[in-house]
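Work the whole structure out from these sequences, hints included.
Listed below, chain by chain, are the residues.
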Amino acid sequence: MDLHLTQEQALLRSSAAKFIEAAGPKVARGFREQDLGFAPARLRQAGELGWLGILVSESAGGSGLGLTELALVLEQAGRGLACEPIGLAAIAAAALAQGDTPHPMLKRVMTGEALVVPALQERAYGDDPQAPRTQAVARGGAARLTGQKVFVCAEGADGFLVSAASDDGPVLCYVARDATGVTLSFTATVDGRKLATVSLADTPADLVSPHPSSRNAVDALHNMALLGLAAELLGVMERAQQMTLDYLRLRKQFGKLIGSFQALQHQAVNIYLRVEATRSLLYQIAAHNDAYRIDAAMAVAAKAKASEAALAVTEACIQLHGAIGFTDEHDIGLYLKRAMLLSSLFGNAAAQRRRYVAVAGLTGAA
Amino acid sequence: MFHRDTPAEAEFRTAVRTWLEANLPVALRGRVLRPPPAELMPWYRTLSRKGWIAPHWPKQYGGMGATLNEQIIMTEELARAGAPPLPVQGLNHIGPILMEFGTDAQKARHLPPIIEGTVIWAQGYSEPGAGSDLASLATRATLNGDHFVVQGHKIWTTWAHHSDWIYALVRTDPQAQPRHAGISFLLIDLHSPGIKVRPITTIANDDEFAEVFFDSVIVPAENLVGKLNDGWRIANALLGHERLGTSNPQFSLAALDSIKTMAQATGMIADPGFQERLAAASIDVMALSAMFSHAVELTNNAKSLGPEASVIKIFGSELLQSLNELLLEASGGHGSAARPVATNFGAIDVAGSFFQSRRVTIYGGSSEIQRNVLARRVLNLPN
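If you read the sequences in order, they're chains Z and E.
Counted the way my numbering counts, the first sequence spans residues 1 to 366.
Counted the way my numbering counts, the second sequence spans residues 1 to 383.
It should be emphasised that the hints constitute simulated quantities derived from the structure, not laboratory data.
Glycine included, every Cβ here is placed at the ideal spot set by N, Cα and C.
A hint or two may mislead.
[What the hints assert, rightly or not] Across the chosen pairs, the derived CB separations fall in these ranges:
no., chain 1, residue 1, chain 2, residue 2, range
1, E, L28, Z, N270, 35 to 45 Å
2, Z, A350, E, Y363, 32 to 42 Å
3, E, R31, Z, G322, 36 to 46 Å
4, Z, K256, E, I362, 23 to 33 Å
5, E, R31, Z, E315, 55 to 65 Å
[Claimed, not checked] If you only want the chain E side, here are some residues facing chain Z, beta carbon under 7 Å, derived:
no., residue
6, G273
7, Q275
8, A290
9, V296
10, E297
11, F315
12, A375
13, P382
14, N383
Okay, structure coming up:
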């Protein structure tokens, strides 16, 4: 089902689609060999188009739009396998803008001249985003952090938004990449990109003050990240679905188009069901939540559904392509790999379901 | 979950809720199986007198002329109050079909008794040899001057043994190719001579179904709906009428509540493996709510809801089924109980609810047929 969009939203979507057309699998493939896995110039272009400040209020120099608009742009980014971290930069900008006085980095993040990314995860499984183990010793608007963050999309980053525990509960801090006590170690992903473990040893940081409507700054950023990733995952599976349907309409065996075989048709419909369910869920949540106070159960549900669906869909797409789908040469594999990356970030489907149990109170404890 | 009532809608919702609290007989609440007509029809007529029996019908035919949102509110509040399922063949099927394709005389004769609840309708589509392959149906209607002579056998006919009339697809041109070009749509009085009705007991141990035998039944020619041999189009034109209604997430939300209550009662709620399955199910119910709200939004904004909306039917019916599988699991050792299982929050008819959910992926076009249709019409896959 198509979305019911305002004229402005439809325009935004088509301009994002146009921007992304210049990316695509071929470009994504090229970045696999590079030290830096994306084009900084393209990130700046995204900034010029207003997408990195999409959630930032107009008074703070942003576009002042909402989660629907963010999702529309990121869905296209997913479709085009864009390598530029548009989503992470956009939500980092939103986080930097949330206090009374925006953080000094905000402007450069919104223009794409600087890249700041969230660093919230601490474990492969079982993180409670509201109870980080990284410790913050706060003094005025500043803090010193000690701890370790994992699976950080640190490639090309100039700084991080780090969650930490303080005497006053969870706090969000800005840490410059070159700050004292920061060490990074990178590991490669299947996607040809790199994730970093960021170690902090008594590292100086700025406290990011929360938006008045938010539960706290960590909660706001974390839930935005879940929704942003869900939007990108949606785009990934949509494009993989489209490629697979094209193939089913083209490939012949036994003298017939393979798309005419019922066994394959039903698999194609199962793909379609997953895509449609994810799209409706994502956009209804986007339409009914404010960026700084997304219902936790909804954010978790969106990421759980999108993560599970994107893996299932891209796996099925490989199967429907047959042997050619298993080659590196064919693009369909790139979609599976991107789905693997995005679904594992900030908690995979199983981790989200576990969190859902907690946030929705399914443990039976009164 | 995603819909927000306008102030007027909220007022309507409160009015419906209050009225249902006061007027829905306690004995009818929370019934999983459809009560027999002697119990159910007085409630039908109570709703009718209130003017609420047909929210989706235009006012000129005795309906409420309600907006889509008001219709949804009615469905939700009826479900919330535990109201029993009503016979819907008249309200949801033949009523709207006659409004669109019927003659003035047919409308005048048949619509008022549906509203009043004085006539019950059955649907005569399936036959022993024509289930998923409905177009192969063989019940013959031969035009003989001013009447048809009907000979044949219909089956899986919901409530036929309680019904007064049946609308049936009948073969009027045995030579027609394709086969569905030789089918007509006929209204048949079930009290006519030559008709025999035999109830069929289901695995849910109810007798919702029946089979209907037609032996040289005389049907006046004026009971033909639309043109001769145009029955297939007429039957299919209305398939969409019910699509949104049956996929209301309210039923899945209610099932989720039963699962939680049952899992509390048995202690399974403390099992982390069960918790994760419950979380997955809850997330899927949220997704169904989203799909439903999405479809309603498109309909309200006059975007045509094409065949892609049947995605909701598949998703919703398969979800309801898997929720009932989870309910059965949550009930543990009570999983074979023939009667409702008592809990601290009321009795839950585990088996009854489970059995009910087995039919939702079969009737109205099985999930497999729905997939065939989606593959061709929406995904444009080749024949």
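Each hint tested on the structure:
| no. | hint | result |
| --- | --- | --- |
| 1 | E:L28 - Z:N270: 35 to 45 Å | 39 Å, holds |
| 2 | Z:A350 - E:Y363: 32 to 42 Å | 35 Å, holds |
| 3 | E:R31 - Z:G322: 36 to 46 Å | 51 Å, violated |
| 4 | Z:K256 - E:I362: 23 to 33 Å | 29 Å, holds |
| 5 | E:R31 - Z:E315: 55 to 65 Å | 43 Å, violated |
| 6 | G273 | 11 Å, violated |
| 7 | Q275 | 5 Å, holds |
| 8 | A290 | 4 Å, holds |
| 9 | V296 | 10 Å, violated |
| 10 | E297 | 5 Å, holds |
| 11 | F315 | 6 Å, holds |
| 12 | A375 | 4 Å, holds |
| 13 | P382 | 4 Å, holds |
| 14 | N383 | 6 Å, holds |
Hint compliance for this structure: hints 3, 5, 6, 9 are not met, and every other hint is.
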